[in-house]
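S.K.: Sequence:
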Amino acid sequence: MWLATRARPPRPAGREPADHLRSRPRGLPVVLVAALCLASCSGEPDDSSASSGSATAGSAAVSQDVAPDQPLELTIDGVAQLTAPAGAFTGPTRVTLTPQPATAAATADVPGTTVAGPGVDVTFDGPAPVQPLRLVLTDVSDQPSADAIPVVLHQRHDGTWETELGEFTPDGGIAVEATEFSSRWTAWLSAPADWVRNALSAVADSLVDAVGGRTDPPACADDGPAWAAQASTTTTVHDCLITNTDPDSGRVRAELQLAPNRRYYVGVHVPEGVEYTWVQEQPAALRAALGRMFGFDPDRQVYIGPGTMTTSGAVQPAADTTLTFTAAVDGTSAALSFTVAVLGLAADVPRVFGGQAVDPRGGLLAAAMVTLACADKIPARWSDPNQTYEFFRCVLGAALSNLEDTDKAFSAAVQQFGDRAYAQEAEDALSTRATVLRVFGTAVKVVSLGAAVRDIWLNVVEAFTQMTDERAGQVRLDLRGRSASPTGAADPHVVRSTGIGELNVNMTVDDLESLGYVDQGNLYEDVDASCVRYAKPDGPLSAAVDTATDRVVAVHATEGSHTEVGGIAAGSTLAQVRSAFAGDGYRITELLDSDFGQGSNGVVVTGHGGAIGLGLTYATADEYAAGTATVDWVAGVGDVGNAPTRAETGC
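Take the sequence shown: its position 402, counted from the start at 1, is 402 in the UniProt record's numbering, and no numbers get skipped.
The reader is advised that the hints may include incorrect statements.
Keeping only pairs whose Cα atoms sit at most 27 Å apart, straight-line, the calculated DSSO-like set for lysine-lysine is [unchecked claim]:
hint: 1; residue 1: K408; residue 2: K445
hint: 2; residue 1: K377; residue 2: K408
hint: 3; residue 1: K445; residue 2: K536
Restraint ranges, calculated between C-beta atoms of paired labels, are given here [to be verified]:
hint: 4; residue 1: G126; residue 2: S411; range: 31 to 39 Å
hint: 5; residue 1: S249; residue 2: E525; range: 16 to 24 Å
hint: 6; residue 1: R134; residue 2: H157; range: 16 to 24 Å
hint: 7; residue 1: T235; residue 2: D519; range: 48 to 56 Å
hint: 8; residue 1: T215; residue 2: D622; range: 44 to 52 Å
The hints are simulated quantities; they were obtained by calculation from the structure and are not laboratory data. Backbone N, C-alpha and C define an ideal beta-carbon position, used for all residues, glycine too.
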């Protein structure tokens, strides 16, 4: 039952309203949780006035020493009572309850609330509670109206404020349960519309920031293979192309990385033809669960939010191929973004909700769980304020239902996600917003989309409409086929990052045979060796083929060859090699300890999908350091880890 619909029980005979009550100003342009640079009201108890049991309202404090097997019961007559069952503490603890005058809550600038009586400050000398303590504030002013909502104003240790939903007690007090304690005062949320206006203003600000804000691109190695290139027609996502080599098979993949350039969820359509797709913070099992929940193919559609990315990789195809990725805000991503904003689950924590940050995956899980409960309320038109307000109310109601019966909600979440761990993450993320959500949902229950909040709500709708109106954009991944050669690549003397002449690393045996290359076997083993050589009769080039995969792992250069980048050839200096391949996604490994094969020295240049081997003349350590040693042999190019050297492999 919504607490806003309950009338306060009659005041017991002899009870008088609290003195010095102060009405809070309304309509101030502040957020719900104001970051106030104030000293904490919590302090060390005065042991000279401490006692066990109870004290009067004029007492400085009342204390009780509690052991783990003892219950807690502290009372300040006419002010408050603090109780807990045995087991609330893990070790001996002194709990002190200190009364606070109503005037001490003067800094609680929370629109729509009226301080209703004196408060208390709670401190612990020993372990903090591991179970909720029940605090009943008994000196409470009369309920100003039948729909006024009982709340408790909590001043955290850092000076900020939060509003907690209270409950009526039979004798007319207001109670809350909590494990985090400092100072609290009872209050009435006597103007729910003012409170909701303030909260919605913060939500609107969050959405406006999300729509107008951009994110920094993630770090990008920008070392994609020479046979791949990306082109983008959208600013919705950042894109980056790198080389990703399978550590087991050695297969080189062109990997396209996409990260949102917006502070909300973006849907990405993944084309067929990729070898894999990975989404940060979303293992395959979770993506499959989200696909089941919202009805999309997790292999073809993914959703990414701020602080996350998705990657897809593809090997070099036989023929030229273009893979097109589409980034857009669709119905699902819009609903998730809206729910995250309303519930305060974004990683940057919208200020209305305060409290601890929520990690991206926890926020997504909680948002998905709540959004699914309101799937039939997702607006057909986000520009319609009535439709969006109904979805908003549903989201709050679903979140509150979850918080009211956590066992039932957890069971439902397990069914939705198919995994207890994901269900628990969703519940944990939502629980971080429980305090404010309970007040928010209760206030919204009695506030319709009328004049009191409509103008604020239109700001929310306008911001969200801008988000959903953004046109879809594309990122294209162009892959050159293995049999295709770039301009000038037919020259058998030009060593590229991924091949020489008509040969490319990762070609198949079928590709080689179609060009007239024949299996020459292994110089040291028979034709069933793990590595064999393919060549044309009297041809200048040869290829090393891994017989386990039937793919080219290296192409051996012919005499007179030079690199495409920098024109490095026999006679070039080591300094020229270092200069030619400095930066731009290349890594130079200098093998100067007779470890380039057969006691020789050399260099391996790795990057852009391959690794080039260059032999060096013998020189002194000073000559190597100065870069005056020269290249005496351009060995060829292989995939990463298979650069040709003087090592005797027989292929």
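S.K.: All hints, please: hold or fail.
M.R.: Hint check:
1. For the suggested pair K408 and K445, the alpha carbons sit about 23 Å apart, so the restraint of at most 27 Å is met.
2. Restraint check: the Cα-Cα separation between K377 and K408 comes to about 22 Å, which is no more than 27 Å; the hinted pair holds.
3. Restraint check for K445 and K536: not satisfied, since their Cα atoms lie roughly 81 Å apart, outside the 27 Å limit.
4. The hinted range of 31 to 39 Å is satisfied by G126 and S411, whose Cβ atoms lie roughly 36 Å apart.
5. Distance hint check for S249 and E525: the Cβ-Cβ separation is about 22 Å, which falls inside the suggested range of 16 to 24 Å.
6. Judged by the Cβ atoms, the range 16 to 24 Å given for R134 and H157 holds: they are separated by roughly 21 Å.
7. In this structure the hint that T235 and D519 lie 48 to 56 Å apart at CB holds, the actual value being about 51 Å.
8. Checked against the given bound of 44 to 52 Å, the beta carbons of T215 and D622, roughly 49 Å apart, stay inside it.
Checked against the numbered hints above, the structure breaks only hint 3 and satisfies the rest.
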